[in-house]
Structure formats: C-alpha cells, structure tokens
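Undergrad: Below are the chains, spelled out letter by letter.
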Amino acid sequence: MEFLGEVFGNLIMGFGVAVSLENLIYAFIGCLLGTLVGVLPGIGPVAAIALLLPTTFALPPVGALIMLAGIYYGAQYGGSTTAILVNLPGESSSVVTCLDGHAMAKNGRAGHALAIAAIGSFFAGTVCTLIIAVAAPPLAEMALKFGAPEYFSLMVFGLIASAVLARGSLIKALGMILVGLLLGIVGTDVNSGMSRFTFGMPGLSDGIGFVVIAMAFFGLGEIIKNLETPDDQRQVFTDKVSGLMPRWEDIRMSAGAIVRGTFLGAFFGTLPGTGPVVAAFSTYAMEKKIAKDSSQFGRGDIRGVAGPESANNAAAQTAFIPTLTLGIPGSGTMALMLGAMMIQGIAPGPQVMTSRPDLFWGLIASMWIGNLMLVILNLPLIGIWVQLLKVPYRLLFPAILMFMCIGTYSLNNSIQDPLLMGFFGVVGYAFMKFGCEPAPMLLGFILGPLMEENLRRALLISRGDPTVFFTRPISLTFLVLAAGALLVIVLPAVRKKRDEAFQGDE
Amino acid sequence: MKGLSPSTTRAGRAWVAVGTSFVLSGSAAAHAQAQAWPSRPIRMIVASPPAGPSDILARLLGPQLTLAWGQTVLIDNRAGANGMIAAELTAKSDPDGHTILLANAGFVINTSLYKKVPYDPLREFVPISLAMSVPNILVVHPSVPARSVAELVAYAKAKPGQLAVASAGSGSSGHLALELFQQLSGVSMIHVPFKGGGPALADVMAGQTQALFSIAVAAMPQIRAGRVRALGVTSAKRLASASEIPTVAESGFPNYEVNGWFGFVAPVKTPRSIVARLNTDIVRALRLPELQDRLAEQGAEIIGGTPEAFGAYLKSEQAKWEKVIRQAGIKVE
Chain A
3 MEFLGEVFGN
13 LIMGFGVAVS
23 LENLIYAFIG
33 CLLGTLVGVL
43 PGIGPVAAIA
53 LLLPTTFALP
63 PVGALIMLAG
73 IYYGAQYGGS
83 TTAILVNLPG
93 ESSSVVTCLD
103 GHAMAKNGRA
113 GHALAIAAIG
123 SFFAGTVCTL
133 IIAVAAPPLA
143 EMALKFGAPE
153 YFSLMVFGLI
163 ASAVLARGSL
173 IKALGMILVG
183 LLLGIVGTDV
193 NSGMSRFTFG
203 MPGLSDGIGF
213 VVIAMAFFGL
223 GEIIKNLETP
233 DDQRQVFTDK
243 VSGLMPRWED
253 IRMSAGAIVR
263 GTFLGAFFGT
273 LPGTGPVVAA
283 FSTYAMEKKI
293 AKDSSQFGRG
303 DIRGVAGPES
313 ANNAAAQTAF
323 IPTLTLGIPG
333 SGTMALMLGA
343 MMIQGIAPGP
353 QVMTSRPDLF
363 WGLIASMWIG
373 NLMLVILNLP
383 LIGIWVQLLK
393 VPYRLLFPAI
403 LMFMCIGTYS
413 LNNSIQDPLL
423 MGFFGVVGYA
433 FMKFGCEPAP
443 MLLGFILGPL
453 MEENLRRALL
463 ISRGDPTVFF
473 TRPISLTFLV
483 LAAGALLVIV
493 LPAVRKKRDE
503 AFQGDE
Chain B
357 MKGLSPSTTR
367 AGRAWVAVGT
377 SFVLSGSAAA
387 HAQAQAWPSR
397 PIRMIVASPP
407 AGPSDILARL
417 LGPQLTLAWG
427 QTVLIDNRAG
437 ANGMIAAELT
447 AKSDPDGHTI
457 LLANAGFVIN
467 TSLYKKVPYD
477 PLREFVPISL
487 AMSVPNILVV
497 HPSVPARSVA
507 ELVAYAKAKP
517 GQLAVASAGS
527 GSSGHLALEL
537 FQQLSGVSMI
547 HVPFKGGGPA
557 LADVMAGQTQ
567 ALFSIAVAAM
577 PQIRAGRVRA
587 LGVTSAKRLA
597 SASEIPTVAE
607 SGFPNYEVNG
617 WFGFVAPVKT
627 PRSIVARLNT
637 DIVRALRLPE
647 LQDRLAEQGA
657 EIIGGTPEAF
667 GAYLKSEQAK
677 WEKVIRQAGI
687 KVE
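From first to last, the protein sequence lines are chains A and B. Residue numbers for the first sequence follow this note's numbering, beginning at 3 and rising by one. Residue numbers for the second sequence follow this note's numbering, beginning at 357 and rising by one.
Treat the hints with care, since some could be wrong.
Unchecked claim - Among chain A residues calculated to face chain B with C-beta under 10 angstroms, some are:
1. ALA150
2. THR190
3. ASP208
4. MET288
5. SER297
6. LEU338
7. ALA484
8. ALA485
9. GLY486
As the list claims (entries may be wrong) - Heads up, incomplete: computed chain B residues facing chain A, CB under 7 angstroms, no partners named:
10. MET440
11. SER526
12. GLY527
13. GLN564
14. PRO577
15. ALA581
16. ARG650
17. ALA652
Simulated from the structure, these hints should not be mistaken for laboratory data. C-beta: ideal position from N, C-alpha, C; glycine also.
Excised from the complex, chain B in its bound form (with noise of 0.2 angstroms):
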C-alpha cells in the first residue's frame, strides 16, 4: 500500500477540510497569507469524474507538484454539467493560490451554448498556464469508401443528409468539430449523439454509424487494429505519435482547427505573485520528460506557456466557438 498518502484519500481530505476552516476563521488578509503559500494543501479542482481525460493528467501532475511545493496537491473530482459545477465552485473559492482548476475546452465555450452560466470564464478566473492540448482525429467505418477526406466530402455531397456522424453528446468536442467541419466542407450530415465518446467510438466501429471526431487517445488503438479508418486530425500540425495521418487543414480546409485542451486557472482575485509560481512550477512539471512521454502516447501536445498567452488563447477560443454555434444554432439550454 505504498504511495498512499493519506491526503489524497477522501478520508484524508474530510480532516484536510477541517483544518482548512480553522486557518480560515484565524488567519488574517489574504496578503499575509500570499507571503506564506503555500501554508496549506493546494485543491485542484477537475471538471472531469476519475479516470476522465483531465484527471489523468492531474494525476500524473500531482505529485509533481506536491513535491514542488511541499504541500500536498488534492484532487478534488467535480464532474457533471459540462465542467460548470467545477468551474462555479473554482470561482467562489478563496482567491489564495490555494484552489486551482484545471478546465477543459468546455469552459469557454459554455457560454454560447447554455443559456444560463454560473461564472464568467474570462471576468471571474485568472489564466495560469494552458497544460495540454488533445486534437481529434476524424474516423470512419471501413466500409465507407472515402480513403481521405475530400473523398468523405465527396462521398457525403453525394448522399447528402445520409451519412451518420456519431459524437460524444450535443455540445462535445467532437460535434463542435463536425458542425465546423459542415460549415467550411458545405455538406450536411446528421449528428448523433452519444453519452460519452466510448459508446460513440463503439458505434462506428460497429458501422451503425459511419464516421466520428474521436478524441486522439481513443481513437488511436482501433486506428492501428484496423477498426477503424483514419482521414484526418483536427489539429494544425500532424500529431507526433501518429504523422502518417493527414490534417483536415492540409487536406483542403485550412481554416480548420479543433483542439481540445486542459488549463489552469484560479479565482480571478489570486494574487499574481503566485499565479507566477503557480505558473513557473506547473510549466516545469510539464516539461517533465516521462510526463511528456507518457502523454504524448496518447497523442496529446504538451503546452505549457505564460498565463497571458492562455489568456489570449481563451479569449480567441471563445470567440471563434460562439460564431460556430451561432451559424449552427446549437443551443443546449
């Protein structure tokens, strides 16, 4: 049972939480508390269940990080409602350095899809440093004929309203990159949604549906066993784990880019000082060569940059989704 901390049990982080309450009621500002971070276990919030995308990546990150700040690093699982539970509870949380998010694509681009937003995405957070970007790779059944994507293009200008596309449920990664892809490719198709991308996957690799936007790490292994068939990635660059497959973008769209990707904020009120070292500590995690070698199997691209940077690339992130949803008249409510 080595490896156990005991603060990384629920149990441990119950009493964790008592002890948080009492340096609450008797500390003082949070100035003082800023020269002292880390004075207590840093919450790092995950929009994802266990075992979800992001919280693998937290939990390679962790103890990293615990040792780097000599504190112990708790994470705290909040999926549910697209990454808004966790976001909400990120934004109401003490501005110290103590409480960090790592969000995912969604949390942009909630805002253009819900009609309601617990928080402000860029007003109410502080970016710290964008960690990972996860490209999809748009597959098909092997029994479509299309061996590239302006073939799939052609295929489906054929059939037009015919071709079935799965995704892992309306608002997805993988059916924004559809509704992009529709609009720059012109053809239409239909969207399925699915509860997740494991049933979407299995659906087209079944050929009850004929195509999907899979995120990289999935789709990879059906790639190599030949269950599915691999016309392009969403990306801007080809990924380096698998360079034989095309982008969409060189494939005739070049305005076509799909990241998913994981980043770090905290309450917008934390002061900067320790955004900086939340930064400079978080970025040389990522450098970390097994961490980089661990993540890059699975076909994600590791980023670690400034917070201005990620600030810049949430801005433009939101931007470019909420013109996609418009035109495409997505709304999830």
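Bound conformation, chain A alone (with noise of 0.2 angstroms):
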C-alpha cells in the first residue's frame, strides 16, 4: 500500500510538472508533428526528432523530452492512417496494420477501421502509462535477464508461430519467410564483421533499412497493381463509406484483441533490440490463431486492427523503460531521446530516476496526457481522412510516391534508399503476381538477423555448448512454446484441414 501510495504521489507530481501550460504545447506540438509524420509514408519519428533536435537546444530539458516523446508515439497513431488508407505503412510499426484496415477500407469501413486503432491505442497507452509507473525498474531488470539464448529461442518462437501469417499457401509462405531471412543478412556480419551480399557498395554494408523493404513491398507494390487496371475500372475503394464512429458491435469484438494486443506490446517494447514492430506481427499472429471464426483476417477482420495497433503503441510506450531507467537505448529511436537528454546535459542512467525526478514522472505523466490529446486530435480527423479517398487515384498515387522517396531517402540522406525502394517495389509487384505475400517475408527480414546474432552469440559466450539453450528456463520455455505452435501448425495441414478459406484469390 505504502509504495502504490508513494506512485500515485509520484504520479501527481508528474502531473504537476506536465499541465503546466508550457508542457502542454510541447506535448501538443509533439503529438501533432509526430501525427503528420506517421501519416506520411516513409517519413519516420527517427528522421523528425533527428529535424528537430537543434531546436531543443533552447528548450528547458523536460519540455524538450516531451515533445520528442510525443513525436514518437504520435507517429504510432498517425502511421496507422496511411496503412488503413492506401495500404502502405505510414510508419514501420503500422506494416501489420495493412492487412486487415485496408481491407476495411475498401469493404467502406475505413471510418471503423481509423476509430477503432486511435481507440485501441489510447487504451494501450492509458495502460502502459501505469505501468511505466508502477513497475518500470523491476521490468527493466526483466529485460536484462534476456541474454542471447532467450532472445534466440524467442526468435525461434516468434518465426514459427509467423507462419500462420499467411493466408495462401504454406509452402509460399515459407518461401516467402526464406527470402526475408536472406534479404536480412545483406550488410555486415556482427559476429565476424565480414560483409555479405553488398556487392562492394558502401551504402549496403549496413543492411537494407527495414522502411526501404516495407515501403517497396506494400507501398510500391501495391501502386504497380493499381496502375495495371485501366483509369476507369480501376476502384480502389467503395465510395459508400458507412459511418465513421465503430459500431458497438466492432467494441465488443476488438475488446480482447486490445487488451491482449496492449499486453503482449508492453513486453516486446520493454525487450532492448525488438520494439513495436515485432509487438504488432505478435500481436496478429496471436490474434488470428486464437480466434474462433479467423476465416475473415485479411480480408477485414477489425481484431485484425486493433490488436496490433494497441500493440504497436503499448510497445512505443514501454520502449521508454530500460531507455529511462537504466539509460540503455532499445531502439534507433531511443538512443535519439538518450542524445537529447546528453545535449541537454542529463547523463541518461540508473540515476536520472532519483536526480531528476521532475524529468522521470513529468514524462511519464505527459505521455498519458499526450495520448489523450491525439485520441482527441484523429477521431475528428477521420472524417477528413476518409475524405482523401475520394482524391482521385491519378492525383493521389504521385503524391504518395513523392512522399516515399522524401522519406526513404531521408533515413541515411542518401539516394541510394530510393533506388533501393524502387527496385524492390518491382520485385514486391512480381511476387504479388505470383501469390507471395509480403508479410511472412518482412518478418523473416526483422527477425532472421536478429536470430543469427543471438544465436552465434550464445555460442560464442558458452563455447559451443548447445545445451544453453536448454538450461537457462527463460530459454528452454520459449521453445517448447516454439514446438507447441508447431504441432499446432503443422497437424492441420498434414490433415489437409487447412481452413480453405485462406486459399482464396485476393
């Protein structure tokens, strides 16, 4: 009692240092500069906090952390807009988001398919704002318990229960799940620094960037095929958009779906290395197995919305756990907010908690608030949304494109992005034709690299003994949850039971 009493004092101080007129505009700032640049395809929080950084020299450090804050999980809201809309990730974390909402869309349901992700998200982000609050440290010691084992048998788990991503045929999507595996490798080898596949290009001996692959596939892809119809036929989206506001029907079907979504994001979010990209695939995966009737996942089924954008968010949220309280950066864009903190003369660690508890709670207090704020800023602003639709394609489709290579070429300020993006929008457009579905694909590309890593690591650190895997109990669980989702994979397609629902043509 005593320490949830000292949280709640906690928490009001934070409050006190959030509402303060000043603080609200930088959230407010924040969550509507993250919004725009969710919305525009490519263009990421990292890029805009990259932007804006300079500016934040003149800011007091809390105000300055807020509304960088609010750049981030406002991105989260906005990128799911882009994604429902025109069926490209308007941000990275928003690729799962495709499947389902733009599937709404076309069926008219656009309206529902926008409310029911602002809703599902700022109810991942009410939740995750208490956690942060109440149990940031001793997640954060959780999150350091994952050595490379954990993390390998959590890839190993992760890669398998993926495949039920798919909604063709299995073999494809294992295919589909190979060629991921391979695109990820390109660039340098961590554990032996040897470049592979880079074709002597400097550009490359990073890897290909996570937001080239899934601009290409989705995005690109998606507009070739567009294109193919004649200006006349082609319809994108119905026309008849009924109602904006979700019925309550589609509440009480993506009630679970939230929650659950919220959950699974605020752990994956919390794990250095693996963040809300990976909390959304999850999330669907999770979703579409456990469902009772999943034969409408993929062709615009609403859970299939709003797990993974409660995810996305809880995950954007809880990045901020071991970034806060241990100063470990788990993503490109924390190691940002880490810089920020250093520019402002904060040394990030264990001790910011303690030394600059104002700074701690203030932020933790402004992302709840932060949230509302957007949840109030996109329900209006579906309507407008929705709107967009009605621009015609021959308008719209050069914008979009413009927009995707401002943002591609904005990750590294190279050309070299774009060409990229481009060259594998083309191949993304061949494999369409052919019935492989990106989605396997992209989640071999995250989690491949990460699996090799760890698993060489693991290795290395216990002189090849593979037993590792098995002794350490975090370890071993995650694998035999791994064999579990096998079997339960697996049985169903020996049996040629496989729902053949999935076998349509889409």
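Dock the two chains into a complex; use the hints.
TA: The structure is reproduced here in structure tokens:
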C-alpha cells in the first residue's frame, strides 16, 4: 500500500509538471508533428526527432523530452492512417495494420478501422503509462535477464508462430520467410565483421533498411498493381463509407484483441532490440490463431487492426522503460532520446529517476496526456482522412510516391535508399503476381538477423555448447512454446484441413 | 519554436543545395572563393547518426561556429560503413572550405581493417584540428572477482579463453582496446561483438558477458550506480571527471593507450589560408567554458590544436593500429 501511495504521489508530481501550460504546448506540438510524420509514408520519427533535435537546445529539458516523446508515440497513431487508407505503412510498425485495415477500407469501413485504431492505441497508452509508473524498474531488470540464448529462443518461437500470417499456400509463406531471412543478412555480419551481399557498395554495408523494404513491398507493389487496371475501371475504394464511428459490435469484438495486444506490446517494448514492429506482428499472429472464426483475417477483420495497433502503441510506450531507468536505448529512436538528454546536459542512466524525478515523472504523465490529445486529435480527423479517398487516384499516387521518396531518402540522406525501394517495388509486384505475400517475408527480414546474431553470440559465450538453450529457464520456455506452435500449425496442414477459405484469390 | 533556424532543417538544406549549385556554376576559380570565404553555408559532415557521439559535439559547436563565420553551419549526418561513407563524400566535395568532416578514430583505422577503403585519410585530406578525445573505461560485471587490472589479468590467466568481453562491434574502438590489451598482457579472452555500445553495455550489466571497454560517457552513470565496476581508463592520464579510476597504463601496462577521438579535416586541396581560419575559429569555440563543461561531464577531453599536430597524430594512430590489427589478425574485409 505504501508503495502504491508513493507511486500515486509521484504521478501527482508528474502531472503537476506535465500540465503546466508550457509543457502542454510542447506535448501538443510533439503529438501533432508525430501524427504528421506518422501519416506521411517513409518519414519516420527518427528523421523527425533528428530534425528537431537542434531546436530543443533552446527548450528546458523536460519540455524538450516531452515534445520529442510526443513525436514518437504520435507517429504510432498517425502511421495507421496511411496503412488503412492506402495500404502503405505510414510507420514501419503499422505494416501489419495494412493487412486488415486496408481490407476494411476497401469494404467501405475505413472510418471504423481508423476509429478502432485510435481507441485501441489510447487504451494501450493509458495502461502502459500505469505500467511504467508502477513497474518500470522491475521490468527493466526483467529485460536484462534476456541474454543471447533467450533472444534466440524467443525469435524461433516468433518465426514459427508467424507461419499463420500466411493466407495462401504454406509453402509460399515459408518461401517468403526464407526470402526475408536472405535479405536480412545483407550487410556487415556482426560476429565476424565480414560484408555479405554488399557487392562492394558501402551503402549496403549496414544492411537494407526495414522502411525501404516495407515501403517497396506494401506501398510500391500496391501502386503498380492499381495502375495495372485502366483508369475508368479502377476502383481502389468503395465510395460508400458506412459511418465513421465504430459500431458497438465492433468495440465488443475488438475489446479482447486490444487488451491482449496491449500486454504483448508492453512486453516486446520493454525488450531492447525488438519493439513495436515485432509486437504488432506477434499480436496479429496470436489474434488470428485464437480467433474462433479466423476466416475474415486478411479480408477486413477488425481484430486484425485493433490488436496490432494497440500493441505497437504499447511497445512504443514501454520502450521508454529501459531507456529511462537504465539509460540503455532499445531502438534507434530511443538512442535519439538519450542523445537529446545528453545535449541537455543530463547523463542518461540509472540515476535519472532519483536525480531528476521531475523529468522522469513529468515525462510519464505527459505520455498519458499526449495519448489523450492524440485520440481527441485523431477521432475528428477521421472524417477528413476518409475524404482523402475521394481524391482521384491519378492525383493521389504521384503524391504518395513523392512522399515515399522523401521518406526513404531521409533515412540516410542517401539516394541509394529510394533506388533500392524502386528495385524492391518491382520485385514486390512480381511476388504479388505469383500470390506470394509480403507479410511473412517482412517478419523473416526482421527476425532472421536477430536470430542469427543471438544464436552465434550464445554459442560464442557458451564455447559452442548448445545445451545453453535448454538449461536456461526462459530460453527453454520459449523453445517449448515454439514446439507447441509448430504442432498446432503442422497438424492441420498434414490433415489437409487447413482452412480452405485461406486459399482465396486476393 | 524559437531556435529553429530554417537552414538547419532538412527542407532548408535542400534549398541551400539549390542555391549552392547556382553559386558553383556561376562562380570563378576556387581562388576567388578563397577570398570571399565563407560565401555560403558551411557543411559539416558527421560520420555518426543524429545524437551519436560526434553528432552531439557537432551540434554543440555548430551555433558557435555559425556566429563566428556569419554563415550557417549545416550538420549533415552520413552514418554508415564505419565512417567511410562520410569520408568518401568529403573527399569528393569542392575543396573550397565550405565542406568539412568531423572524423572519428575509424577514419585512419579503416585502412587497416578493410580491404577496400574508398579514400586515403592522409593523402586526400588536410587536417584542421583535433577536437576531442574520448577514452574508454574497462568495466566488469560486479560478479567478477577482479578489483584491479592486474587482478583481472590473473583471473583471465587462470581461466584462459573463458572470460567473455563484449564490444560495440568488430573493429570498434572497444574491440581494438581489447586486442591491444590481450597483446600486452598475454591473456586470451573471448571477444563478443554487439551492434553498438548500448546493447554491449547492457549485456555486461546483466552479467551475460563479463567485461567491456566502453566509452566513458556511457559507462560513467552505470559505474556510479554500481551496475558495473571500473578497473581502468584507457587514456594515458586519468580522467578529470573520475580521477579515482586508475589508468590501464599505470596498472602495469605502460605502453597501453587507446583513445577514441573526434577531429576536423577538409578535402586536401582546400586553400591553406582557409584551413588556418577554420582552425582558429574551431579551436576558439572548443575553448568556450560552457562547451568544456558540457563535454567534460561526459569524460571527454577537449583538445584544440594545430593542423600540424593533428596531422602527426593521424599518422601515428594509423601506424599504431595497423600493427595491432595485423598482429591480431583482425580482418573486417
């Protein structure tokens, strides 16, 4: 009780800091900018925060961090908008939202999808604010328990579970996972320092960017496919949009997915190196697996939007846990946040909580306020976004292409990334024609390199002893889960009972 | 939104680039430009991503230099390939004093690490000034019984090839610090590379790996919190901000010295008069007390020196690491 009282006291103090007019304005600017960069495909929070970093020199530390954090989680809200409306992940973590979100838009339910994404994100944001307030230090300790063997086993589990992402043939899905793994190993090998498949291009030595691949396979491939049909026959969306606010039935259906997504997302966010994308993928896979009737997944099931959107926002929020409590950045964006602290003269580390409680608790409180602002900002915007669908495609797609090029260019200030996107866009279109879906490939692309890195690191540390994966309890748990998942997936396939509805054209 | 000078934004940069191409196509020889320097914004290419270690230095210096030169200093982050992308880009830029590179230690080490290096650090660049020296600190997980460098050597000798030492990556400053340490002490440990210093430090904090040569700025808060134990600093002198930590050199390895560093260079054909001006103003900015304080907190030592001194340093660093790398048999292709 005493502990909760203390947390409560701290939260009150944090809100005291966060609701000052000045900090409310910073939070609002951050959320607004975040929504904007989230909506714009390819332009992500990393570029936006980097861009604004110099301006934060002049701001007080708390205000600066509140604004930068707002950009980060604001982008998670905005990212779903583009995913749903034009099948283009506005943010890398909203890749999964494309699957069902865009299908819903095609069914004329764009408004419902956008609303449920905002509501799920807000719920996740609220829960995660509480989680951080109550349990940040112990969660950070838990994250530290994850060494190389644990990460490897977790990735094995994730990769096997991802097979359910496939809608069409299982063989094609496995093939796409392999393609993803192969693309993922491009670049400098962490363990040996050797370059792999870089063809002597220095720009490839750090690997192919996830944003580049995601933009190419989802965005560009989709655009080429749409252009295939003549102008007068093309119907990207239905004109009739049935209501903007979700129906009671939608909320009831999504509630479970939102709650599960929130907790799964919170888990992955806490682990350095995984984050919102993995969280969204895992939640989607789980929702599809546990749904009584999963036949609508991929065709506009609202749970396929609600779960992943809650998960990516939850993960975005809990990513602050190792960053704030230990000073260990879990992702590129978090490294930027730490850089912003250093520029402000605050040494990030375990002391921040005690030496700058105003900053720690103020930032946490501002996250909840920011989430509230975002949901207020986003719900009325839905009407405007849906109007966007009425823009003729011949005007819409060049604009999208332009933003995609700006976005990918901004990743490294290099022309190579837009070019790569172009190349993989054509590849993605070919895959689409062959009925090979990009989602399993993207997961292989993310998990493959992590898996390899941690497998080799685990064996390096154990001096080549593979039992290390079975003797450590967390690692063993994930391997057992992986074996279970494998059975669940393989058995129906063997019995040829794999849902035939999945064999649909699309 | 005060402080948002339009030309430090990316959009601003694009406009500047448009302006730049006009200036170039319309202007006469570099000689004429030399007299009018600076005639347009200065592009400071930084070999790290935003908020990376050299980026922070660049962003602290930028406004001061903008003030001194009356032209905006644009920070252009070109991370990747161990700084080779940034260096190659600089080498190919117009040598008119409007493009400078904030190089780091990898600048001269890459030539020994990689088979193909797209630039020559000594022939294609003219040194301006060394800016800052960032030593590493050898830290261990608290469960490691060693309380000094000597004890660590003894501990590692008792368990040859069993102590796992993390690093920020193959060819990183921490990796090279480890190699030199092994060569001088004669112990052998397992090198466990990570993708960056943050994950490596986290792994040592968790006790998954036992030791790490970490950059001081990242390690200090963890040392103060008792999550890792500091055994020695890799610089020749103790750190001003943490003088209780002995140097590795004074702990029995007098020849041991490893410093990460950041310094400014320009394309080799940059007129010497401009280099001198760049040097004067950069050194003056580096000596500003507010900057010194900010960076000293991070365990960095500010060094502003002559171009000649920096040139000599670049040469000696290149030679030193070439030897260590050859002996260790590190090859990063």
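Undergrad: All hints are to be evaluated individually against the structure, with a verdict given for each.
TA: Now the hints, each set against the structure:
1. ALA150: Holds - the Cβ of ALA150 (chain A) comes within 10 angstroms of chain B, reaching about 7 angstroms at its closest.
2. THR190: holds (8 angstroms)
3. ASP208: Holds: closest Cβ of chain B sits about 5 angstroms from ASP208 (chain A), inside 10 angstroms.
4. MET288: violated (27 angstroms)
5. SER297: With a closest approach of 41 angstroms, the SER297 (chain A) hint is violated.
6. LEU338: The hint holds - LEU338 (chain A) has a Cβ within 10 angstroms of chain B, the shortest such distance being about 5 angstroms.
7. ALA484: violated (21 angstroms)
8. ALA485: It is violated, given that the least Cβ distance between ALA485 (chain A) and chain B is near 25 angstroms, above 10 angstroms.
9. GLY486: violated (27 angstroms)
10. MET440: holds (5 angstroms)
11. SER526: This hint holds: SER526 (chain B) lies near chain A, its Cβ roughly 3 angstroms from the closest one there, short of 7 angstroms.
12. GLY527: holds (6 angstroms)
13. GLN564: holds (4 angstroms)
14. PRO577: Since the shortest Cβ distance to chain A is 2 angstroms, the answer is holds.
15. ALA581: holds (4 angstroms)
16. ARG650: holds (6 angstroms)
17. ALA652: Because about 11 angstroms separates ALA652 (chain B) from the closest Cβ in chain A, which is outside the 7 angstroms limit, the hint is violated.
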